Each structure stands twice: as C-alpha cells, then as structure tokens.
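Could you build all of it, start to finish, from the sequences and the hints given here?
6 protein chains.
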Amino acid sequence: MDYRYAGDAHERLFASYQEDSDPFPTSVTACFPDRDHRREEVAILQELFFPTCWNAPELVRDELAVLDRLDELGSLFKAGICPYTDSRPDETVAAVLDSLPRIRELLKLDVEAAYKGDPAAKTYMEIIRSYPGFLAIAVQRVAHVLYGLDAAEYARELTEYAKTQTGIDIHPGAEIGEHFFIDHGTSVVIGETATVGEWVRLYQDVTLGALHFEEEEGDEHALKKGYKRHPDIGDHVVIGAGTKVLGAVTVGDHVSIGANSWITEDVDDHTKVFIKDHPTQERKRYD
Amino acid sequence: MDYRYAGDAHERLFASYQEDSDPFPTSVTACFPDRDHRREEVAILQELFFPTCWNAPELVRDELAVLDRLDELGSLFKAGICPYTDSRPDETVAAVLDSLPRIRELLKLDVEAAYKGDPAAKTYMEIIRSYPGFLAIAVQRVAHVLYGLDAAEYARELTEYAKTQTGIDIHPGAEIGEHFFIDHGTSVVIGETATVGEWVRLYQDVTLGALHFEEEEGDEHALKKGYKRHPDIGDHVVIGAGTKVLGAVTVGDHVSIGANSWITEDVDDHTKVFIKDHPTQERKRYD
Amino acid sequence: MDYRYAGDAHERLFASYQEDSDPFPTSVTACFPDRDHRREEVAILQELFFPTCWNAPELVRDELAVLDRLDELGSLFKAGICPYTDSRPDETVAAVLDSLPRIRELLKLDVEAAYKGDPAAKTYMEIIRSYPGFLAIAVQRVAHVLYGLDAAEYARELTEYAKTQTGIDIHPGAEIGEHFFIDHGTSVVIGETATVGEWVRLYQDVTLGALHFEEEEGDEHALKKGYKRHPDIGDHVVIGAGTKVLGAVTVGDHVSIGANSWITEDVDDHTKVFIKDHPTQERKRYD
Amino acid sequence: MDYRYAGDAHERLFASYQEDSDPFPTSVTACFPDRDHRREEVAILQELFFPTCWNAPELVRDELAVLDRLDELGSLFKAGICPYTDSRPDETVAAVLDSLPRIRELLKLDVEAAYKGDPAAKTYMEIIRSYPGFLAIAVQRVAHVLYGLDAAEYARELTEYAKTQTGIDIHPGAEIGEHFFIDHGTSVVIGETATVGEWVRLYQDVTLGALHFEEEEGDEHALKKGYKRHPDIGDHVVIGAGTKVLGAVTVGDHVSIGANSWITEDVDDHTKVFIKDHPTQERKRYD
Amino acid sequence: MDYRYAGDAHERLFASYQEDSDPFPTSVTACFPDRDHRREEVAILQELFFPTCWNAPELVRDELAVLDRLDELGSLFKAGICPYTDSRPDETVAAVLDSLPRIRELLKLDVEAAYKGDPAAKTYMEIIRSYPGFLAIAVQRVAHVLYGLDAAEYARELTEYAKTQTGIDIHPGAEIGEHFFIDHGTSVVIGETATVGEWVRLYQDVTLGALHFEEEEGDEHALKKGYKRHPDIGDHVVIGAGTKVLGAVTVGDHVSIGANSWITEDVDDHTKVFIKDHPTQERKRYD
Amino acid sequence: MDYRYAGDAHERLFASYQEDSDPFPTSVTACFPDRDHRREEVAILQELFFPTCWNAPELVRDELAVLDRLDELGSLFKAGICPYTDSRPDETVAAVLDSLPRIRELLKLDVEAAYKGDPAAKTYMEIIRSYPGFLAIAVQRVAHVLYGLDAAEYARELTEYAKTQTGIDIHPGAEIGEHFFIDHGTSVVIGETATVGEWVRLYQDVTLGALHFEEEEGDEHALKKGYKRHPDIGDHVVIGAGTKVLGAVTVGDHVSIGANSWITEDVDDHTKVFIKDHPTQERKRYD
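From first to last, the protein sequence lines stand for chains A, B, C, D, E and F. When we follow UniProt numbering, the leftmost residue of the first sequence carries the number 1, and every step to the right adds one. When we follow UniProt numbering, the leftmost residue of the second sequence carries the number 1, and every step to the right adds one. When we follow UniProt numbering, the leftmost residue of the third sequence carries the number 1, and every step to the right adds one. When we follow UniProt numbering, the leftmost residue of the fourth sequence carries the number 1, and every step to the right adds one. When we follow UniProt numbering, the leftmost residue of the fifth sequence carries the number 1, and every step to the right adds one. When we follow UniProt numbering, the leftmost residue of the sixth sequence carries the number 1, and every step to the right adds one.
Worth flagging that the hints you see were computed from the coordinates, not collected in a lab. A few of these clues could be false.
Copies of the same chain look alike in the list, so a pair counts if it fits in one copy or across any two.
[As the list claims (entries may be wrong)] Simulated crosslink set (DSBU-like; lysine-lysine; CA at most 35 Å straight-line): (1) Lys284 to Lys228; (2) Lys108 to Lys272; (3) Lys122 to Lys225; (4) Lys108 to Lys276; (5) Lys284 to Lys225; (6) Lys228 to Lys122; (7) Lys108 to Lys224; (8) Lys272 to Lys122; (9) Lys108 to Lys284; (10) Lys284 to Lys122; (11) Lys272 to Lys284; (12) Lys228 to Lys108; (13) Lys224 to Lys284.
All values derive from a computational prediction rather than experimental measurement.
In structure tokens:
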C-alpha cells in the first residue's frame, strides 16, 4: 500500500503546532520515553515480583541479574518521570526501587487472598499470570509509591496502563490494605482519596467514587481539585458487583454489601447490606 | 517447545476454507493490512495530534517530517480500507488527512474539558498521554470522518481498537460536540445514531443506546438496520456512572443526570435528574 | 536515560525469592512461554479460523501451510500448558488442534448471529476483524476444549487474555451453545458452571454469576471450590445491558430480559421480563 | 550509556548539508530504500531461486505465494532504482522479474559446475546455501539484467553487496557464460567490459581487469570512462589462484592458466599456461 | 514503494520448481533453519567462549544460564544439521556441545598467540572482540568437530559464514594446532586435507591449497573427491603474505617463509625461505 | 527444533570462566555495548555524512535532528569505549563528534577522487552508497580520531568492522591524506605506522606493510610493539593490484607502481615502477 498525500494538512498541522502554548506542552527538545515504555515497565515489574512465573528464573539464581533488571527498570522510570518535571528524578527512582521488596511481600498476600476468594482459582501461578485484579493491584502498589514521591502524573500513567489491560481503575492516590482482591473487575473504579482496609474483596462494576463534585467559582465546567471526596472502607469487607459507594463515607469492618447496592451513608461494623425490595419486575408470557 | 501435529485437522480446515461462500470473505489474493495495523494508525495519530507528548518533537521543527508521517498514515489507512471495497480509496484517505488539523483543534478543547472536569487531573500532558476517555474521543473523531466517507467498516475497526484500550465504545456514526469528556469510562457505550452537544461529561458504565430493536420480518434473530434508535444529548450535560439513556429520546441543554438513572423519555432543558427513592436496602448486624 | 541503582533492593529481592515455598512456584529451571505468547496464540487462531480476513490467504491455497501453522500453534500451546504440569502435554495439544475445524463451524454460526443481531453491522468481515464479542467467544470455544482436557489453568490464561482485549470474561468452563452473540460486551461476566443455549444474545454489563459463595469451614476468607453456582440459560434468549442473573437458576427458552434486571429465580419458557417500576426519579428545573 | 553532546558539530554539519550542490545528491524529499534493503533483496532472490533450500517450501506448493514474493521483490527493486532516476521504474522492474525463471535455469547449471569443480563439495544443497562463489554469480546474473535496462547504479549496489558477503567483485556489466564457478573466491575481480564463456572456473585472487587506464585530457586524476578495457575469456577455461589477466586480451577455448600468472597478451585455444621459472627462492637452515 | 507484478514469471518459476529432481533438494516439508541462523550460532558461540567480552556476564555468575545458552545453541545446531540428514542429529549436537570447554582452552592459547604475534595488538579483549583471524579459527575449531561427526555440510556452512565476516576460508576438515594466528587474513585459504602444527602464524593472501586436481574419468569438468591434496605444516612456522603452499607437501618445524613465495616441494626443519631474485623492476623517471 | 542438553559442558565452562585471570577480561559487572553496536555506529555515521543518500533527509531540514543523531552516536561510542577503560570517556566522545564536520569535508573529496579514478563510476550517489573503498576510508577517518584520543582498541573495533564489510584493512593509526581512493579493495592492508599523501589510488591486494618483525627478547613468539615499521607514501601515487610495499620505506610524489610489484626500498619522486621481466611462462598446446 503506497500512498502519497497531495494536500496541505501538513502545513496546517505544522502551523498549529507553532501556535501551541502553555499549559499544552511545547518543548521541542525534552526527553520522552518510547511509545511502548509503560508496557515495558509493567513487564519488568512482573518479572521482579514473580520471576519463576515470567520466564526469568535467572533472577532467582543470580543476584546481579536482579540488579541489572533494577537498573533497566530504573532507566524506564526515569524516562517516564522526565516529561513532567525539571528536577532530577534519580532520588524518586531510587526510592521506588527500594520499595519493591516490601511490595513483593504485600503481593504475596494478595495472591493468597485471590486464591481463597475465587472458587474457580486452581493454582497460585494462574493468579499471578492471568488475573486482571492481581495485575491492577500490583501496578497500583508501585504507582502509589510514586504518587507519594511527587511523581503523581507518571504514577497515573502506570495505573491507566493497567486499566487498559484490566478495565480496573485504581487511582495511584488510593490507599489499599493487605490481602486485597478484585474478582472479574472490569469497570471497577477506586478514587484518589479512597482508603481500603485489609481482606477486602470487590467484584466487577464496583465504584468507590465521589457523589457530587464542587465547581470552581466562576467556571461551571471546572471542578475543584484536592479535597477528600471518596469513601473509607474498613477491614474484612466484601462489596458485590455493580455496587456504588459514593462520597466521603465510612464503611466499617466486617461488612458485606450485596450486588447493585447504592451506598452514600456510613455503614457500621459487622453489617450486611442488601437490597430488600428490588424494583418490581413484570414477567409476561408470550407465544 | 517443539511440537509436530500428526492429525488431520489441517485437511479438514483446508476443506472447510474451500467451502466458504459469500457473505464470508473468499478472495485469496486481496490486500490486507498487517496484524498490528490498528495499533500503528493510532500511534501515528497520537504523534500527529500532540507531537511533544509522544516523542515526536521533529514534527514541530520540520514541516516535511509532518508530510512524511501523513504519507505513512495514509498508507495504513489505505490498507485498512482496502479489504472492504473495490473502489480506489485514495480520495477517502486524502479527505481524512485533510481533516486532521480541524480535529486537532477539537481535541485541544477536549483536553481542556478533561482538565476542568476531573479533580484528579494534574497536567494537560497527563491527560493526553494516559486518559482513556481522551484516547477514545480522539480515535472516534477520526473514525467519524471515515464513516461519512463511505468507509464505515474500517471506521468501526478503529473505534473497536480504541475500545480494546479503553473499554469505551463510541460508534463512529455518533456525532460528538466540542469539549467532550468521559471520566474512567469503562463500559461506556454510545450508539451509531446518537448525537451529543457541547460540554458534555460522562462517567463509567453510561449507555446512550437503543431501548428496543425492531426485527426484520420473518426472521426473529435478524434486527432491522439503519433507523434512528439512539438519543440526542444537548449542551452542558453531565451523566453519572451507570446511567442508561435509551431510545431516540432528547436530553435538553444544561441537564445533570445522577448515577444509575434510567432515562427512556425526553428531559427538558435546565433539569436535574436523580433517583429519589433508591430500592430499600436492609442492613443487618451480625457477629 | 541512564540509571544506576545504588541501593540494596536487589539483595532483599534475591533473599525474598529464596524464601518462596509452595504453593508459590519455585522451580528455577522449568519451561516457560515467552512474554507475548498469549497474543501470539490468539493471532494464529484468528488466522486459522478466517484466513482471508487476517492476511493469511496462503492457508486457503496451500494445505501444508495450514499444517505449518498448526505446528506453530501447537508449540505455543505446549509451552503454555507446560508450567502447570509435569505430564507430557502432547496429547492435550493434539486434541485441541483436532477440535479446530469443528470450532470453526461454530464460529461461522456466531458470525451470522452477530450480523443479524447488531443493526449497526455492515459486513461479515467487519465482525470477524473487530467485534470484541466475537473475539471473546472464539477464544473461549478453544479454551473450553482445553478446560475439558485437564489444562484448566492455561485455558484461563487464554480467556483472561481475551478479557484484556474485550472486557468480556467468559470462564473456560462455561458451556456456550450455537449462534451466540455479545454486543458491546464490556464488563460481561459468565461464570465457570454456567450453561448457555442456542441463539442467545447478551449486552454489556451482563453477569451470569454466583449469588452467594459458601465459605470453607474455619477460614472466613476461603471460599468453597467446585460446586454448581451459576445459571443455565435456554435457547433464543436476549438479556439486556446491566442485567445480573445470579445463582444456579434456570432461564427457559424464548426468554427476553430487559436491561438492568435482577434475576435470582427461575424464568419460564416464553417469558418477557422487564422492570415495571423503576426507582422514582426526581426531575428538578434549575436556572 | 547515556550521552548528551554539548558542542556545535550539529550546527556545522547542518550548515555543511546546506552547502552541498550537484553532483552531490541534494533532494530532501526523494524516496530512498531502507537501510537493509540490499540484504532483503538478496534473501528473497535466494528463496525464489531455490525455495527448498531457504525455508520457503510454500513457493513450491502455492503459485500465488510466488507472485506475492515477486511483488515484494519488485517493491524493493523499485525503491532501489528510485534514488537514481526520475523516470518511472516499473517497466525495468517487470523486465527483471520476467528474467528470473531463465536465470534460475542458469543457476542450476552453475550448481552443477560447482559440484563437479570442487573436490570438497558434498551436496548440491551445501553449494546453494553456503558457497560464496555461487552467491556472487547469482546476484551478478540478476544485476546484469538491471545493468542492461538502464539501472546500472542500482545493479552495482547489488553486486557490491554480494562483494561484502563474498569478497568477489563481478561488475554487473560483465557477461558471464553458463556453468560458471569461482572456488574460494576472495579478492576475485571481474571488470565491467569483460566477457566469460562456458565452463569457466576461477580461484581466489584472480583479476580479469584493466592493464592501463586512459586519463581524461587536462585532469591527471580523472580516468576516461566507457571503453573496452577488460579481457574476453573463452569456453572450458581454468584460471589459477592469484593470476591477473589484464587488458582487452582474448583467452581462447580449452585453456588452463596456472596460479600467480600474469597475462597481458592473447592466449590461443587449447593452451596450458604455467610459470616455468618461479623467482629463485633461497632456503637457509638456521638453528 | 508499491509494486504489483503483471507478468507470468511466477507461473514459470512455479513450473520450474516442479521439475526439480535429485540431486537438487525437492522436499516440500523438510525442516530448515531460519535465514539468520548462522549469525545466531556464531554469536552464541562468542558469548559462551568469552562471556565477559560479549555482554553476557550472567554466564560467569550463573551456571544454569550457561545450560540455557547451550540448549539454545543446540537447538540451532540441530536445525542446521537437519536439512542434510534423515537421521536424528541429537547425538551429534551433544558431542559438539561436549567439546566446547576444550575448544575454549584452545582459543585462550590462540588469543595469546595473536597478542604476541601482532605488534599492533593492545589488549586481549580487542583480539577477542574484533580480530578476524580469531573469529575464523574459533568457528573452524567448532566446525572441525562437526566435520568429524558426519555433519560435514553444516560444518562448511559455519566456516563459509565465518568467511563472509573475515575473508578467511579454513575448511572444516583442516587440522589446526595450538597457538594459531592469522594476521589481517583476507583471502587466506586452507584446504580440506591440510594439517597445521603449533605456533603457526599466517598473513593475508596465504593459500595452503592443491596444486593440481585430478579429473574424474570421462568428465573433464568433474574433479575427483576425497584424496589427500593439501600440505602439512609443522610447528613454529611463519608464512608471509601472498605465499602459496600447494600440493601434499610437508613444511617442517621452525620454518619461516617470506611473502609472495611459491612452495610446491617439501621444506626441511629449521629453514628460512625467501625470494632471492624478485622479478626485475624498471623504474623510469617522468615529468 | 527443540534440544535439551544432558551433558556437563555447562559445568566445565562455568568452572573455566571462574579460572580466567588477567589479561583475560574478568569483570562480571562491566558495561558492554550490544552485539550489533558496530553496525549501528557505522550506519549512523553514514547518515550523518551523507543524509540524502541514506534515507535521512530530515537531517538536512532540521538542525535538532542532527543533534539527536549525534547524541545517539555519542551514546554508542561511549558504550564502545567503556569496556577498555576505567576513565570517563565523555571527553573522548565529544572530541570525536566535534571532528565529524571536518571529516565530512574530507569525505567529499574522497568521493570526487573515486568518481574520477574509476572508469565504471556512474554517479556520486553510487559511490557513497556502495563503494567498499569509500566505506573503509569513511570509517578509518573517524577511527583515526579515536586512535589519537587514547581509544585505540575501540578504534580498531571500528576498522575491523569495516574490514568485515569491505575486505579492506586500514589500521586506525595510519595517516591518510586527501582525495584517497581504493578500487575493488579486497585484501588491501595498510599498517599502523604507514602514512599516505594526497591523491593516492590503490587497487585490490595491495599491502603497505612491515617487512620483518623484531621479536621481544627471550620469547620467539612475541613481536616487539610500537616502532615505525610501515611505509610513507607521497602525493599523486597509484599502486597497482597485488603490489606489496614493505618496511619503513619512502615512496615519493607522482609515483606510479604497476601491479604485482615488490617494493622494499625507497622510490624517488616522479617515478614509474613496473615489472620488466615477469617470470617466464610456458604455453603448451594440448588436444
């Protein structure tokens, strides 16, 4: 397929680029990571977290191979942070890499939670290799460290990449406890200021989101940034498919919320919430 | 891993291919794009729309580099259109490329809408590089031009590709106004005959779809094609997560619809819609 | 971007790997497929099922080319099964390959169902090349054979891969009849023990799932595995967007269930189910 | 390895480019083949000439696969010719492709000649896959057709590429008869206006070259172009390693020339030429 | 560059393939290695022989990484042997791999010989990474093992590949002693039945070849195969650039032969050979 | 092709690596360039020297693109120097890059010399794209700068790479004047301490080498390093194919030396040297 364009769109695009101004990015020499970098970072993270599941057994046998991989990951992280900042990102990268062993321990607990929480799970390896909920939390736990280190935009790039793979959208700012599991998971949303306790299990289409948004004064389309607007979830909580928990409410410990529920007020500890009267459905026979 | 198959499936498959007949494609010499082409087209579009965000600063510095990229994109477009048509697709490709500068201006407004509409957004670059809602509308705006140029099937290939990356399904036929923003976005569906005004903001799990489908006479499984079956949405509208707007209804300007709503009738201008009595939920304490 | 890590995370990770024990995988010499293998398998399956749509017309012209492709696919399958088992997987691979011609016939019926069931569908080729619902069922039909051949974990890897591309989660264990079609499809979940009849059509956000889970005695976080917990769906059934069918219930033949419904009890043959009284919505005018 | 250059060489190079003028190429938009194209062309030629030796058995089984390969080769040829000409090269490409079946027949005779002419040759396949002399003549036979079609520069690109692989430098203009074989071959040179008969065998370091060059009047460094300056070699001729045959001399049929000879005059038919008195060598014993 | 061929060369080539018969290869299903395999084998050999010079330090740190690399190399070897034989090549491959540690020891002596024998050599690493003479002997030492294991054709593929990189043509059958060094090396030829002792140093354009070839009775173009026709070189021998040693002669120990010499008779131990009376050269002054 | 090695070669190789000691390289963490780096450097150099001939017209249009390419080249150079030195190579790299504009001017003169000196040359572009002699001198001119900057080993890696492509071996230490041209060129050797004037033209198999080598005292195999041992060639000199100029002799200006000559003594200015009495050749008629 050979195509030669004879119009003037290149002139108009070129002119359009010259007219860009802040807050659109305008640097013509800044450093940028390659197109596939997010995919690369996540692949290396997977190897570092569970080398025997991702064709990287050399990491288990050779400590310097781990260091090589960390350097490779660090270079990608640095390239990822670079477009957003003028300061030297080396300290940030070092701090994230420092946190990986701790995150690995958390992820092992998440694997256990998934295995116990999914009747269809057959082995730990299957969870590590193919569960979207596990990929989503693995990436978010790393992004959360970046978020706390003044690299919030790049952190979001990572979680958004995980979302493209899983349909699960956990904001890097969210604080997620141990033994976390999301089953199926598509369309799950967890907001920036949400917190989640230990042994929490979510299903598809769950939102831990905002109820209303405050507008910036004088601009009806500009929403206010930076205030607490998402729920706090306690320990030992299960939230069924389709349920929305909205606003800065508190869900206590040992709570179970049924599917398709609508929670905009606090829920006490040791509570089961379920819909008592579903909307009446009519069933009509036809032939 | 070396495997040699000793059965006869190849003979049966081969025989099966020979038996294919129209409307299954049967040409054994037709042109086809390579396996990864949709991924390529979208990557080049991203570079052409915001070169400083996608490692292509040369486009800002060198007008002929823009032309080279347009030729490259045009070749891919031509290959994409080719399997569906016998006519020469060069005019179609030229027309789409002609439209890119205008689409770029629209996308800059979409970035603004996203920045204002998401309290968690930190910079324009973050939106351009990682927001799924922004990727979805960028691809759809291009696909919409193709759809209007008699390349509807290929247009749908592009939006379906965007769907694999974002979970957002905007049909190329839909007409979308300026300053459009979808937050989170997974499981959003916008139908072929829907129209959307300016400054509209949608959340995850929203459907702008059909209520009922008419069947072709005499075949209960064949639905009728080609009639208006999706809603018209006005300007300055917000639609909350999980809401379904179904059928050829009209939602007016300055309308706000709460989460999980069910809209099958027209909504007047300057209206807020929200669920008054959610299904009663029972909360039971247990120990 | 050049980064050299100066910390000790590699030592801590290395130590952590050494401490792993069963059920975490610990073999340091086992065979593993390459990082992109699932993507490869699916690409080859697409070529084998519809070569004229995927740039592989040689398969239609040259029987031995089909055999070559089967060998290639078989090698990938073998590598995919390998991490989960010590037994020789060659018999399993042969059996799956044997089943491909039969599955191809099923998929041709699925294409027909999609064409009839989607008013926006223009050609068969468009469906084959870009419909997520079609990709999901194509992969699941293959995975279902693997599931029945004692390769359940790898089967799930394949369906989870399809889920990353489509947002559709059909467990390999589910039994799906002829003429199956999922429109839009994001966030669709079909559970392991579900069965689906002929001419069934689902929309986005539908769940055919479990209502409650039984816990293993003595461990509140460990759910019981291996019992019937998902619905049976009859023939000629349509299920609207957002509907949840939960538990081991039976939905009869010739049933139509409206959007956003909640089904936890059996539905008779020849029945239409729809919500009679949606939750009251308040509409308030504002200025 | 990360390096950032802080000097001004880019400014000086850039200025230098702007100062280039004809006969240096100055077009900034002309078409150019990719970096590796010569390697690609030769690889495809090898497949087309002997598909069963180069992992392309599909060419033997599927006629349309041959056509596909010809199109691929033709596209590369066209790109190779393009930088040197403004005229449309399609006719040239078609004529070269037309000649490939005939060249194949010639090459089969060359294989026979190599097998018979090298005591160390074990099989035909070994010759086809690894003999440098065979690669050199295969490429030259194709380049010779291009040379006769007004694509002399590109023809030379091809033979120079073959020279990088073989050390054998046969100018595309040379006319080479059937059953040609060069053993070892490094440093063999055959000039533009040389002709070679049938059943000719050469060894390494043989030159069929010019004796003196005529200078252009008025420029001692500019040699005259375009006149007959290389030898004509008859049929059934063997020329030993290191021998130089220089000038427009004629070597008859059934001639055998020993190693390290120096031929600047005609040689009659049915003649053996060998050095009678090698330069005296002294042998001294030492301890 | 898009080219579509409209002629009939594909039909003629296709017909020509069908007419091929033994000894041309005719199998349409046989296994063949990929196009670049020889390059791959040599690259892996280089890593296995001197990992710290070829970016493979993991081999020095991790014994199982060595095994992985051996498996990779073995698979390539097996694919390389396969086209030439019907028997299972696994034993041959195992035997070659077994020999690598011994060959490594020989190569370390060759490095020492090169360092001592080249006044311009600065470091061992430079020799290992870039000396053509060292690459040639490294490959030949491996090919020689294959040659002795009934894989002579594939062995020759390897040495011919080394020749493309170095211009040095050492037949796999030649027996080469310890501390071997070829300086510059282009156009060096060492024949199949030659033997070379210890501490031998050769320069460019040296031939250890055949003087005459015997013809098969009844076919003037078919040379006799399989008899001793190349020289035996002793220990501690230096042979200058351009010298030809031809026929089954014996060169003794501690011999030094000057450049451009012509040796067709035995040379005793402890002898220096040099040209006493070079051909008279005339020097003419001109203005 | 799947092969699993069952022997113990990996253990023996691994043990062998551990026993390596200086001067063999032993670092297990040092930086190393990738396998193909020399190929990469040369490709970038070709683009920087003549962008319109190597598909890099953007360099002519966009100054910052030149800088990007210099950074890329600089990173490769740095990686290439790194294995040989502990000092920071940044200054060396900067100095080489600084020299490129000057080298480009020299190369333009070399193109002119080739065009004038080869009767078969048709265009400048043909010379730049395919003449081995031109590639060899282009690489050597760069390597010569590295040689003078204490990066002699890496400089030799570059010229040895050029030798693999051209058969021409110009040591980086040699000093080569303007308007230099080597025709055909295979097996040309120019030694480390040679100097060459302006307008010099060489043909294939020419050596500018050493006559004798001095041995290190006490080790008959170790030659002395670092003294003047190669010729000085004047301006306006032509040296015919196969001629050897050996030892620290001086060849004056305006000298022409015929093919196959043997020069071990000085040659005055304005001299023609040619062989007066070639070794007598016998010609025997046979039937």
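**Prompt:** Checking Lys284 and Lys225: alpha-carbon separation at most 35 Å within a copy, between copies, both or neither?
**Reply:** between (49 Å within a copy, 27 Å between copies)
**Prompt:** Is the C-alpha distance from Lys272 to Lys122 at most 35 Å within one copy, between copies, in both cases, or in neither?
**Reply:** within (29 Å within a copy, 38 Å between copies)
**Message:** Within a copy, between copies, both or neither: which one fits Lys122 and Lys225 at a CA-CA cutoff of 35 Å?
**Reply:** Between copies only: 9 Å across, 43 Å inside.
**Item:** Intra/inter-copy verdict for Lys108 and Lys224 if alpha-carbon distance must be at most 35 Å
**Value:** between (38 Å within a copy, 21 Å between copies)
**Asked** Given identical chains, is Lys228 near Lys108, meaning Cα to Cα at most 35 Å, within a copy, between copies, both, or neither?
**Response** both (30 Å within a copy, 29 Å between copies)
**Request:** Could you figure out if Lys272 and Lys284 sit no more than 35 Å apart (CA to CA) within one copy, between two copies, both or neither?
**Result:** Cα proximity of Lys272 and Lys284: in one copy and across copies (33 Å, 5 Å).
**Prompt:** Given a CA cutoff of 35 Å, do Lys284 and Lys228 count as a within-copy pair, a between-copy pair, both, or neither?
**Reply:** between (47 Å within a copy, 27 Å between copies)
**Message:** Please sort Lys224 with Lys284 into within, between, both or neither, judging by C-alpha distance up to 35 Å.
**Reply:** between (48 Å within a copy, 24 Å between copies)
**Item:** Within, between, both or neither, where Lys108 and Lys284 count as close if Cα-Cα is 35 Å or less
**Value:** Between copies only: 33 Å across chains, 50 Å inside a chain, cut-off 35 Å.
**Request:** At 35 Å max between alpha carbons, let me know whether Lys284 reaches Lys122 within a copy, between copies, both or neither.
**Result:** between (41 Å within a copy, 33 Å between copies)
**Asked** When no copy is specified for Lys108 and Lys272, does a C-alpha distance of 35 Å or less occur within a copy, between copies, both, or neither?
**Response** within (29 Å within a copy, 47 Å between copies)
**Prompt:** With identical chains treated as interchangeable, where does the CA-CA distance between Lys228 and Lys122 reach 35 Å or less: within a copy, between copies, both, or neither?
**Reply:** between (39 Å within a copy, 16 Å between copies)
Comparing the model with each numbered hint stated earlier shows that hint 4 is the single one that does not hold.
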